[in-house]
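Turn these sequences into a full structure, and let the hints steer you where they fit.
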Amino acid sequence: MAFDAQLAMTDSIAKITLTGSLDASSAPRFKEVIEQAAVQSPTRLVLLMKDLEFLASAGLRVLIFAKQKMGAKVDIYVIGSQGPVLGTLEMSGFHHSVYIQDTYADA
Amino acid sequence: MKPICLPATLDSLDEIGKYVVAATTEAGLDTKAAYGMRLAVDEIATNIITHGYEEAGRSGEINLSGVLSDSSLTMVLEDTGIPFDPRSQAAPDEDDLCLPLEERSIGGLGIFLVLKGVDDFSYEYTDGRNRNILVANRPLVTNT
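Respectively, the protein sequence lines represent chains A and B. Counting from 29, one number per residue, gives the positions in the first sequence under our numbering. Counting from -9, one number per residue, gives the positions in the second sequence under our numbering.
Since the hints were made in silico from the structure, they are not lab data. Check each hint, because a few of them may be wrong.
[Unchecked claim] Derived list of chain B stretches under chain A, where covered just means 3 residues or more per stretch with a C-beta under 8 Å from a C-beta of chain A:
id: 1; region: 8 to 20
id: 2; region: 31 to 38
id: 3; region: 93 to 106
[As the list claims (entries may be wrong)] Examples of chain B residues lying across from chain A (beta carbon under 7 Å, computed):
id: 4; residue: Tyr25
id: 5; residue: Cys88
id: 6; residue: Pro90
Glycine is no exception: its CB is placed at the ideal position from the N, C-alpha and C atoms.
In structure tokens form, the structure reads like this:
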């Protein structure tokens, strides 16, 4: 499935819905959306990943970029990630730094 | 499986992914092993395209083949980019994996996922060609 990233800003919370396959060919698009969110100085980044079917290291590097760009105080929430994609996040130690939840109250 | 030959550009990753999915389905790998192989091949192909070709100012192709045996699925990527052994990149260790994201290095994650994703990985450079060889063990079939 082709990758897509859609940004919605609500009350200084940046929500990005990710779908499809996130690898080196699509990571620039994700990074572009992160930069769009960052200029609005969000207090929280919520990534809706229920329909993200594939996640390679290029996508993980954009998550690192997001944290470094937005600052350590901006918490990152990963919502709805499942199966091997969730496995990749955990295997790579990202669960130490982001909040992983099945659902998000205002999602 | 019939090998495929694709331009060494990031646009080829989608086609490479489809080939790997077909191979892992034919091999009867479970979801985790199939995903691990797809991820590993994607990472290696990305390395070849970016380090072996683009950063070296070269263009070329990637050959990808899948070989099934009774016990394993072997995927082989061949290219004529500059010699590049993915194992030369330091994979993050346990301490690195526990660091906060803002302190994480962005390097080495790819080879880390390759080594985690398959049962065996090897690399060789012969006759001007890089060969990356990835192996996933097939589930044992018992005849009753």
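When the structure is checked against the list of hints, which entries are broken? Sort them ascending. 1
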